[in-house]
Structures are given as structure tokens and as C-alpha cells.
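Asker: Sequence:
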Amino acid sequence: MWTSPYNPNRHGVTSQFEKLDFGETNVLDTFYNADVAVVDLSIQLQQSALFYHLGVRESFGMKENILLYHDHDSEATLRLKLSCGSYTFISYRVMECGTCVTTAPTALSVVANEEGRPVNPNKQHLTLRLKKLLQDVEVQS
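In short: position in the sequence shown from 1, add 1267, done, that's the working numbering.
Bear in mind the hints are in silico, worked out from the structure with no lab data behind them.
Take the hints with a grain of salt, since some may be wrong.
Quick list of in silico lysine-lysine cross-link-like pairs, DSBU-like style, CA-CA up to 30 Å [said to hold, decoys possible]: (1) Lys-1286 / Lys-1348; (2) Lys-1398 / Lys-1348; (3) Lys-1286 / Lys-1398; (4) Lys-1330 / Lys-1399; (5) Lys-1286 / Lys-1399; (6) Lys-1330 / Lys-1348; (7) Lys-1286 / Lys-1330; (8) Lys-1330 / Lys-1398; (9) Lys-1399 / Lys-1348.
Simulated DEER-style distance windows between Cβ atoms [said to hold, decoys possible]: (10) Val-1323 / Glu-1363: 35 to 43 Å; (11) Ala-1371 / Asp-1307: 12 to 20 Å; (12) Ala-1371 / Val-1404: 19 to 27 Å; (13) Glu-1363 / Ser-1326: 38 to 46 Å; (14) Leu-1400 / Ser-1350: 15 to 23 Å; (15) Thr-1292 / His-1339: 33 to 41 Å; (16) Glu-1363 / Phe-1318: 25 to 33 Å; (17) Phe-1318 / Cys-1364: 31 to 39 Å; (18) Gly-1328 / Gly-1365: 34 to 42 Å; (19) Lys-1399 / Gly-1290: 32 to 40 Å; (20) Cys-1364 / Phe-1327: 34 to 42 Å.
The structure displayed is predicted, hence computed values, not measured ones.
Glycine residues also receive a C-beta, built at the ideal position from the N, C-alpha and C atoms.
Using the sequences and the hints, build the whole thing.
Answerer: Structure (C-alpha cells):
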């Protein structure tokens, strides 16, 4: 997902990886010029191409990039986070109830109560974390 500067309501635009990787002109243009890019790196085979496209965005001065990663292995997540340098990196897990919560790459597990809310105060719903980050970007723009 990324937000487009061409959309006056700043709604998110989503695109399939294949269209971005294939180089469809309108998809590339939207991605490279978006105010914010939210990119999920959970599929390892897509990571190299996505990092390339993020680098192109940065070369255009587009520094607002949020990277997501499904934390299925804390060690792998920590390695990826460390390789992401200055990018905003959010790892997450999907709870049994279907709720996505953020994780800390050094944490061994995520515990939730019966409603699916994270018990650890350092964990929060992924949607709340993204909403806060996007609001902060909007204020800075």
C-alpha cells in the first residue's frame, strides 16, 4: 500500500508485487511519487526487488517508507530489522483469533487475552501502530 500525492483525499493505493516488479509505468509512477510507501517484506523472494524500488524512491527524495514483516521466526526478524537501517520497521504476528499485533524482534512470543488484545503493553494492534505512523507523517507533510 502507498498513498498517492495525486489523490486529494490521500487514500491508500494498493498494488500487486507482480505489477510493480514487472515495471508497469503507472504503478511505478504511483509508487515512486507516493507520500508514504507501506511495503510488506514477508515473502523472502520479493525482498530484493522491493529494496531496489525503495532505493529508487529514496533517490527521488521520498523518505517516508514503512516496512512490515510477518514475524514467524524472531531470529530471522531481528536479522532483517538490522539490515533495514533507517527504515521504519514493524514486525507483526497474527494471533489465533485473527488479530495482527506488533512484535519486538527480540521477544520470544506474543501473549494475548481472550479478546485478542495483546497482554504485553509493548505490543499493540498493527492497525493502531500504522494509523499512528501515518498520522505523524501527515502532520509533517
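Asker: Against each hint, give a clear statement of whether it holds in the structure.
Answerer: Okay, the hints, checked on the actual structure:
1. Lys-1286 / Lys-1348: Answer holds: Lys-1286 to Lys-1348 is near 26 Å, not above 30 Å.
2. Lys-1398 / Lys-1348: Since the Cα atoms of Lys-1398 and Lys-1348 sit roughly 21 Å apart, the hinted pair holds (cutoff 30 Å).
3. Lys-1286 / Lys-1398: holds, 26 Å
4. Lys-1330 / Lys-1399: Within the cut-off at roughly 17 Å; holds.
5. Lys-1286 / Lys-1399: The hint holds at about 28 Å.
6. Lys-1330 / Lys-1348: Holds, at about 17 Å.
7. Lys-1286 / Lys-1330: holds, 22 Å
8. Lys-1330 / Lys-1398: Answer holds: Lys-1330 to Lys-1398 is near 18 Å, not above 30 Å.
9. Lys-1399 / Lys-1348: Roughly 20 Å separates the two Cα atoms, so the pair holds.
10. Val-1323 / Glu-1363: 35 to 43 Å: holds, 39 Å
11. Ala-1371 / Asp-1307: 12 to 20 Å: holds, 18 Å
12. Ala-1371 / Val-1404: 19 to 27 Å: holds, 22 Å
13. Glu-1363 / Ser-1326: 38 to 46 Å: At 42 Å between Cβs, range holds.
14. Leu-1400 / Ser-1350: 15 to 23 Å: holds, 20 Å
15. Thr-1292 / His-1339: 33 to 41 Å: holds, 35 Å
16. Glu-1363 / Phe-1318: 25 to 33 Å: holds, 32 Å
17. Phe-1318 / Cys-1364: 31 to 39 Å: 32 Å Cβ-Cβ, so the 31 to 39 Å window holds.
18. Gly-1328 / Gly-1365: 34 to 42 Å: About 38 Å separates the Cβ atoms of Gly-1328 and Gly-1365, which means 34 to 42 Å holds.
19. Lys-1399 / Gly-1290: 32 to 40 Å: holds, 33 Å
20. Cys-1364 / Phe-1327: 34 to 42 Å: The hinted range 34 to 42 Å holds for Cys-1364 and Phe-1327, with Cβ atoms some 40 Å apart.
In this structure, every one of the numbered hints holds.
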